[in-house]
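> Sequence:
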Amino acid sequence: MAEKCLPTTQRMQGFSGDGDVFKRFINDGIDGGPNPNREGVDVENLLKWRERVMELARLAADMQSYLTRADMSAAGPQPKGVVAQVTNDPEASNNGYWVSDGSQWVWSEVQPVTVGELDSLSQAVDQKFNKQESMEAAEVLFVVTDNEGRATWIGANSKDGGPTEVAMRHINKAVGRLDVDYSGVFFSIVDDQGRMTDLTVDDSTGQLSQFVVERLAKRIKAIDTQVSAGHEIFPTALGGAKDMHYRAGEFLPMNADLSRWALWGSSTAQGFHASVAALAATYGATLYEGGKAAERLDETCARIGSRKAVLGFPGNVIPADTESVAVSINFRDRSQLGLKAFVGYVAGVRGMLTLDSDRRTVRFTREAEGEPIILNGPAPMTPIDGTSERASVCLLNIGKNTLTSASGLDAAQWVIEENARAIEYLSPTAKRVLVIGHFQNTQTPLGGTAYQCVDIVNKGLKEKYGSYFIDVSEYLCSERVWVDTGITPTQEDLDKQSQGLKPPSLSQDSAHMNAAAYDAVTNFLIKPFFESMGWY
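Just so we're aligned: 395 in numbering that gives the first Met the number 0 is position 396 of the sequence shown, and the numbers increase by one with no gaps anywhere.
Hints are computed from structural coordinates only; laboratory data are not their basis.
Be careful, since some hints might not be right.
[To be verified] Simulated restraints, written as ranges between beta carbons of each label pair:
(1) A247 / A292: 28 to 34 Å
(2) G446 / L207: 40 to 46 Å
(3) E416 / A247: 16 to 22 Å
(4) R479 / T428: 34 to 40 Å
(5) V212 / V189: 47 to 53 Å
(6) T151 / D197: 36 to 42 Å
(7) M532 / D197: 31 to 37 Å
(8) N375 / E416: 25 to 31 Å
For glycine and all other residues, C-beta sits at the position ideal for the given N, C-alpha and C.
Can you make the complete structure from the sequences, with help from the hints?
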C-alpha cells in the first residue's frame, strides 16, 4: 500500500527541533531543495505533503463514493482523473481513495487519515511536547524533551529566542541567580559571592573598570606612605622608566635604566672593561666596572648583592671606632680569595669590606665613629653599588675561577644556580641581562675537572637562557673569529681550536684573552645582541 499522506511521529519529532522550518512552510517558503532541521534531518517531504493535500482538495469536489470495491468496479470505467472512495469494504485494505486512469481504478497515493491514526499521533506528540500548565504553547518556539516526555532546559521562547521559563529554572538551580548589575562590563571574574574582582574590564574602553582603578590607587597610596628617608632613590631611566614596584620590603624600578650598564665577574669581566665601556658610550650609556681578577663566585655575588656576605664580628659587636676588624665570612670557596673591596651596610652601619694581602683575612672598617652595635649573631652586608646597579643593563660573567679551581663537578651546578639567583635578584620587571659564557683556558687539560665544569656550565646556561646567552668559547674556536680580528691563525691556533681551547693568538696568557679577542667579542657578539633585542 502507498505511503500515508501525514508524516510519521519520527518526522514530527524532527520537525519539532526546528521552528524555523515550520515558519517557512507556513509562509510558503519551502522549495524543492533540501530543508534540514537543526538535527540535520531533511524535511523537504513537507513540500510533497503540501502538494498531496492540495491534490486531495482539488479532487474532493468530484469524488464518487462506494460501499465496496465491487460496487465501484460495477459502475464501469470512468473518465481519467475521477476519484472514488471505498468506505465499507469487507477487506479493510480496499477502503480508501481510488483514481481512474480511463480504463481501470488505480489506488491513490493520497489517502485519508483514520481516526485511530489521528488519536495515536496526537498522543505521541502530546507526550513528546508535554506542555506544562505554566508554559503557554504560543510562548515556546521549540523544546527538547526527555525519555518521559518532560521539557528539558534545551528550548527557546518565541518572543526573543531566549531560554524558556523551564530552561531558566534548570539553569538557576545549577548555577544560582546573581542580582548583580553587569551592564557596561566586558569581562569580569567574580568571587563566590558574585562580587566583581579587580579582574574586571569595561566594554566601552577595554581597560580596567573605574572601581578597580580607584581601589588600586588607594592601595598604592597606602604603600607609598610607608616610604622612609632611608630608601635609596634610583636614577630615572631613559624612556620614563622611573616607575617603581614594591617587592620584599623595598621599592625597585620597573624597567632597566638604559643609560647605565653594569658588568660583573672576575678577570675576564675586568678585561672587558675598556671595550664594553666604549660600546656603552656609543649608546649614551656609562659602564659600572664590576670585574675583579681572581675573585671567586661567592665574592662576586656578595658585591652584586644576590647572595649577601654574612659577617661574624668578635663578641657579636660592631665596634664604635673606625679601626678595621677581622670578621668571619660565609664564603663557600675560601681556598684563595680575590675580593674586590666594596662599601655596604651591616645592621645599619656603613663600612667597607676588604681583603688582607694573605688573601684569606677579611676585614670590616666602619666609615664613621658611632655607638657600638650589639648583634644576635652573624649579620648580612648589603652592598651599596650592587644595590644601585640592580637598575642597570647587566652583563654577567661570573664564576670562572670557581670552575678552574674546582675539585669536583658539583662546582658547575653551583655556578649555574648562582647565575640564576643573580638574574632573579636584578630588580627590573623588564630585565635587561646578558649572560656571557666562559672559554676554556689555553692550557686546560682535556677532559679534566676544569674542562668538564666549563663545558657543563656553558651548555647549562645556553639551554636556560637561549638568546640571552653568548657562547664565547664557541666563538673563539670558530673560523669566523680570524675574519673578525684580521689575524692569520698559526697551526697551534688551529690545533687548540680543534680541542675546544682558546687559541694562543687570541691570548694574553693561558687564562686570559688579549685586546683583539676582547674587542672582537664586544663588537661582533655583544653589540649585535643588544641591537637584535631592540634595546638600542
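> Taking the hints in turn, state whether each one holds.
Now the hints, each set against the structure:
1. A247 / A292: 28 to 34 Å: Holds, at about 32 Å.
2. G446 / L207: 40 to 46 Å: The hinted range 40 to 46 Å is violated for G446 and L207, with Cβ atoms some 59 Å apart.
3. E416 / A247: 16 to 22 Å: 19 Å, holds
4. R479 / T428: 34 to 40 Å: Since R479 and T428 have Cβ atoms about 36 Å apart, the given range 34 to 40 Å holds.
5. V212 / V189: 47 to 53 Å: For V189 against V212, whose Cβ atoms are near 18 Å apart, the range 47 to 53 Å is violated.
6. T151 / D197: 36 to 42 Å: 38 Å, holds
7. M532 / D197: 31 to 37 Å: Roughly 32 Å apart at Cβ, these two residues keep to the hinted range, so it holds.
8. N375 / E416: 25 to 31 Å: 28 Å, holds
Comparing the model with each earlier hint shows violations of hints 2, 5; every other hint is respected.
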